[in-house]
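Chemist: Here's the letter readout for the chains.
Number of protein chains: 2
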Amino acid sequence: MLNYKHEKTEQIILGIDPGYADMGYGLISRSCGRDRCLAYGSLRTAAGAPTGERLQDIHDGLVKLITEFHPDQAAVERLFFSRNAKTAIPVAEARGVILLCLTQQGVSCIEFSPAEVKMAVCGHGRADKTEMQKMVQILLRLEQLPRPDDAADALALALALASTNVPIMV
Amino acid sequence: MLNYKHEKTEQIILGIDPGYADMGYGLISRSCGRDRCLAYGSLRTAAGAPTGERLQDIHDGLVKLITEFHPDQAAVERLFFSRNAKTAIPVAEARGVILLCLTQQGVSCIEFSPAEVKMAVCGHGRADKTEMQKMVQILLRLEQLPRPDDAADALALALALASTNVPIMV
Numbered sequence: 001m002l003n004y005k006h007e008k009t010e011q012i013i014l015g016i017d018p019g020y021a022d023m024g025y026g027l028i029s030r031s032c033g034r035d036r037c038l039a040y041g042s043l044r045t046a047a048g049a050p051t052g053e054r055l056q057d058i059h060d061g062l063v064k065l066i067t068e069f070h071p072d073q074a075a076v077e078r079l080f081f082s083r084n085a086k087t088a089i090p091v092a093e094a095r096g097v098i099l100l101c102l103t104q105q106g107v108s109c110i111e112f113s114p115a116e117v118k119m120a121v122c123g124h125g126r127a128d129k130t131e132m133q134k135m136v137q138i139l140l141r142l143e144q145l146p147r148p149d150d151a152a153d154a155l156a157l158a159l160a161l162a163s164t165n166v167p168i169m170v
Numbered sequence: 171m172l173n174y175k176h177e178k179t180e181q182i183i184l185g186i187d188p189g190y191a192d193m194g195y196g197l198i199s200r201s202c203g204r205d206r207c208l209a210y211g212s213l214r215t216a217a218g219a220p221t222g223e224r225l226q227d228i229h230d231g232l233v234k235l236i237t238e239f240h241p242d243q244a245a246v247e248r249l250f251f252s253r254n255a256k257t258a259i260p261v262a263e264a265r266g267v268i269l270l271c272l273t274q275q276g277v278s279c280i281e282f283s284p285a286e287v288k289m290a291v292c293g294h295g296r297a298d299k300t301e302m303q304k305m306v307q308i309l310l311r312l313e314q315l316p317r318p319d320d321a322a323d324a325l326a327l328a329l330a331l332a333s334t335n336v337p338i339m340v
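Protein chains in written order, with my numbering: chain A, 1 to 170; chain B, 171 to 340.
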């Protein structure tokens with residue numbers, strides 16, 4: 001039997017900005033304290049399709065991402081009750097599917113509030129969207145501003161988790 | 171090849187009252203316009219366990235129910251923004267998992283508002299909890315009042331769907 005213990009120097013982190021119509025995702029790799037972007041984008045579900053089908057699309061899309069990139073950890077935005085009550089319920093339903101999927105796939109998950117992400121990426125909790133996107137661009141040395149918004153937020157979530165990480169013994 | 175078409179006279183209906191700590195469920199069979207209760211209960215998740223694990227418990231419990239009873243259709247309560255904002259998000263997360271699971275298992279799902287259920291079961295939209303439970307007990311000829319509350323609500327949802335059903339050609 002092969003018996004070994006090593007320090008894994010590369011961590012793959014998946015950031016997720018939960019959404020029902022669009023789920024933002026961002027994948028980064030942290031190695032020797034340096035972060036690089038692997039992929040980012042937005043997973044869209046078909047408007048007008050039944051809720052269950054749209055939730056299944058989110059589930060299946062997420063499984064595909066996990067199968068392709070094998071993330072070690074995921075960072076998911078925590079939801080707060082907003083004034084826009086009508087959209088909060090479908091977003092929370094999608095978030096439930098996302099948390100289920102991560103658990104089923106064995107990806108440990110840490111939740112961050114929007115203020116925690118801003119603090120980790122910009123150094124203060126009141127950064128606006130443009131400031132956040134610029135910091136994500138700088139930190140990941142991207143050629144252009146990350147778009148769409150939810151993909152940029154997902155990359156910021158991944159960076160927030162990366163900044164709190166210590167090497168994991170496996 | 172066997173080629174037949176018949177009218178299925180028995181419909182199995184699963185009612186679900188979505189919840190994160192407790193998910194109420196009720197299974198009824200409608201045959202020749204007569205409803206009978208097959209099972210009801212509450213699926214509890216472990217307080218203090220991580221959210222993903224509790225959502226997985228809901229998913230796995232629901233798969234088990236579907237595998238055992240093979241429901242033709244499901245009735246799930248629609249969520250509205252309540253004053254109790256703190257519990258609405260976890261309930262919506264659980265509801266997302268429930269809708270996903272029904273879709274994955276091929277069980278078609280219809281959503282009902284609490285007022286629609288009261289109207290279908292009691293004949294008016296303002297019935298209180300006790301009136302609803304008594305009507306569920308009478309309609310399903312149960313020996314005692316259905317308990318706990320969320321299981322009674324789930325049976326009421328199943329009855330509401332049964333009352334709107336026409337025979338399905340299979």
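Since the hints were made in silico from the structure, they are not lab data.
Predicted model only: the values in this text are computed from it and were never measured.
Note that CB positions come from ideal geometry on N, CA and C, so glycine has one too.
There may be inaccurate statements among the hints.
Unchecked claim - A short, non-exhaustive set of chain B residues, derived as facing chain A with CB atoms under 10 Å:
#1 Glu223
#2 His229
#3 Val261
#4 Glu263
#5 Ser278
#6 Phe282
#7 Cys292
#8 Gln307
#9 Ile308
#10 Leu310
#11 Leu312
#12 Leu315
#13 Pro318
As the list claims (entries may be wrong) - Residues of chain A placed beyond 12 Å of chain B at every Cβ, according to the derived structure:
#14 Tyr4
#15 Thr51
#16 Gly52
#17 Gln56
#18 Lys64
#19 Phe80
#20 Arg95
#21 Glu131
Chemist: Against the structure, test the hints numbered earlier, and report the numbers of the ones violated in rising order.
Modeler: 6, 7, 8, 9, 10, 11, 12, 13, 15, 16, 17, 19, 20
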